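Chains as they are written, first to last, in our numbering: chain C, 372 to 802; chain X, 3 to 144.
Just so you know, these hints were derived from the structure itself, not from any lab. Keep in mind that this is a model prediction, so the values were computed, not measured. There is no bait here: all hints are sound.
In silico DSSO-like pairs for lysine-lysine, Cα to Cα no more than 27 Å straight-line:
#1 C:759 - X:15
#2 C:784 - X:18
#3 C:784 - X:15
#4 X:112 - X:131
#5 X:18 - C:799
#6 X:18 - C:759
#7 C:762 - X:15
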Amino acid sequence: MENYYQPDMECAPYEQLRAIQGARLKENVRHAYDIPFYKDLLDKNGVKPEDIRSVDDLHKLPFITKDNLRDAYPYGLLGVPLSEAVRIQSTSGTTGRRVVAFYTQADIDLWDECCARAIIAAGGTKDDVVHVSYGYGLFTGGPGLNGGSHKVGSLTLPMSSGNTARQIQFMTDLRSTILCCTPSYAAYLAESIHEAGLIDQIALKAGIFGAEAWSEEMRRDIESKLRIKAYDIYGLTEISGPGVSFECSEQTGMHINEDHFLSEIIDPQTGRQLPYGEKGELVLTCISKKAFPLLRYRTRDICVLTRNKCSCGRTLVKMSRLMGRTDDMLIIRGVNVFPSQIETVIINCGFEANYQIIVDRVNYTDSLDVHIEMTPDMFSDEVRDIEKTEKEVVDKLRSMLGLTAKVTLVAPKSITRSEGKAVRIIDKRKI
Amino acid sequence: MILKQLSVFVENKLGKLVDVVEALGQEGIDIRALSIADTSDFGILRVIVSGPDDVAALLREQGYIVRLTNVLAVSLPDAPGSLAKVLRALSDENINVEYTYAFVSHNEDKAYVVIKVENNEHAMQVLAKHGVLLADEEDIYK
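Isolated chain X, as found in the complex (with noise of 0.2 Å):
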């Protein structure tokens, strides 16, 4: 499915990262995935809450600078070269994977993975074509 990801623009100073964190504990939300990409100065944080809209709003109002950006999860067997297959399916057709990060699981045998790429709906063709299963709501927000 495609799910939206929050991106929220954090100095890189020490605490600011806790502040975020902090904040989102405080609103009882749960990070169900999470990535940081810093620079010496900023970093960005993504992460994948349930309720992305609310939280979103939730931490604008408390003065962060907040984006939501549409990403994919896929849902693939917890074996090694499973990631690797999306990947060559993906690299094959010419689509750029932006980044991509993992999910905290539940389910022993399942791995979710978030991908960012240009165009969501020309992945999600390539994707079937392969077999790759996108993750559903339940996978997700359990």
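In isolation and in its complexed conformation, chain C is listed as follows (with noise of 0.2 Å):
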């Protein structure tokens, strides 16, 4: 029996959702007029909030992306008197590169609602115990899962991420039910149990991993090893964070929560929309929130969207899960990496632009291995001088990405050039 948080919107006709969708957006283009940067927006591209008064006007919107986010850093994009607003989150990245989204309170309730929908389409239920096993702070995840189980009434484990045998302890002790975090920790998380022989003291039924790409092949591998259903979950800081998107039981891809967000996919070159079931570049529009308001963002994350029965009884569009990004950007271990960063780091600390990112997943754990090309300046003929080196860029690296990196130099000129312009990113990852 599938349980539903909110059946009237999971579950509601397409006409019915679409009248609430068309008289949310047309509020929402009014209510992010007030914004000057909509409203040069708008009157740079000839629209009017006027124009906007139903799903089916949404194309005529102008598209925003990361650099406008980036621009208007940091109030340039709040909706509402700061006064409104109770909570910033921010994405992972540089100062430079830097998103910060504003919630108002009721934004931060619809986003606890979407992700209580995803609890409880895992299975959830206010007598479950909900392991948050992302990491709590700037970045959505903790919160995010957090805000979801207490909306459930599950009792809530704020673990954060690391110390996993800490993790593992509470898990045993506690007999948490669902283990949230991203994909790559539950693997590991499955490694470690097993290698402590207390997987028959684990009493999780369900997962719900996200902030990262994986494959049928890893969750199959974790529901084995854990001797759970794992389900995948989509969201990004700019939209309002986990919970944009949730699996439900038939595990087919993520349902999107549609009375919140608007969901185009579209040619990443020309920008029009595309039919369901056709890939292309997802783009979101927030519908309900009043803090960050975004319209028509791009997310650069490439999906197919489509909306067919769903055996849950759920009538939201579903999201496949994701096949790529239109831009370099690399989410490693659930961060957010540019090579960009990588390269700041390393010309900051001296070195020349000839580095090489290697990204591997190894025991389902993702690994970053920068190889950066010695220089005749940065030589010292005193191995502690090239380990101190090596050591500042880890340090900085860590610093900026909140990443381990492995720094290895290399002779000159080993990195590989093809047709002279050096292959600066190998991921390895199957995913």
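Dock chain one against chain two, each of which comes alone in its own frame, and use the hints as you go.
Next up, the structure:
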């Protein structure tokens, strides 16, 4: 028996849903037009708020991109007086690349509700013990699932990430039943639990895993190792956080909470809307959130949308698992990484931009290796000097990305150059 | 005497060390002394050769990263305890030895070592005070 958190919305007849979406879209475009950024953008594109009367008019709105958000940092896209905002979250990245998203209490509530829908779709009830091993803080993973778990009424374990031994201890002692973390951390936990011989003391029944791309093979592997059902979840800070979409018992894609977020698939080259079933870039529009109301935000994530009858009973549109990115962003252990950030660190440490980033997934855990060509200026005839330099790069990468990289200094001209251009990124992960 | 030592960056990978040493051999360069400091991913090959400036230029042409470093070459009686005596003298004067390695010696009574310290002048004064001889050109390049 399928359970729902808000069946009126999750299972609404399509026409009814369209009407709600249209009304909310109209209202939020008017609301956004009060922000100078949107007023300028719409005026420049010759669009008036009254032109947007239903979801069919969505294509008339111009797109916004991450660059717009960065330019607007920090308050340029704030849609309410600061006194009405109660929270910020922020994307991973450098100071220059950071995006700060604002929330009113109502925005937080609807975000939490979206996560509650995900937990309930994964079989969660108030009797469950929800073990949240996403990072807490500026990252939306922890706060989102934490809020959703509260809405459901489950006992919430705000574990945050790291300290695997403590994770396992709480998991066994407090009988955690639903695990929320990145799929790679779930796989790592599974290995660690087996190594410790504790699998029979684990009470998990489900997992909600997101913030990075993963394969069907990885899902089946985690499911068999942890003896659970594993569900995908999708979201991004700019739009709200996890819970923009979530998987149901059918496990064939994620239902988008489209009473709050409108979705389109576009051709990333032309910007044209593509029909259901075609692969392209996902564009999202917030129709309920007030503090950070993004309209036609280009996510850079590539996927497919489908609107078919789902065996779970939900009528919400479904998005496929992520199939890639339209930019060079890498997602490593759930952290967004732009190669340019790594390059900045390398140059700031005194090296030249001759480097290679190698990402791999060993035992389901992402590894980040950075090879940097040695230069005459950085060379010393003492090992400790060179090791100090290497450590400086590792430390600066850690503070910029929140990831520990393995840095290797290599001989000059040793990095593969194809047609004179260095191959900067090697992603060996099979997703 | 003060010698110019060549330090070469070498990746800690199969075949990398032999590549450099082979390059020297092909140019007819005789390695008089050698040491390697290594970590798991790289090594520093330190060599004493005659005509270090020319050899450095030659290696750089071949794409190697080379640094010339001034080190001390000391001549010792080839007898137990003589190196200890030198190192003790330096230690007593608070001179830190960053590294040291031995030469190939053709002299039956003498041993030669390279000593790397922060301040060569100071170390030379200390060594002179203790009657330690520096190696001369002939000792090294003959």
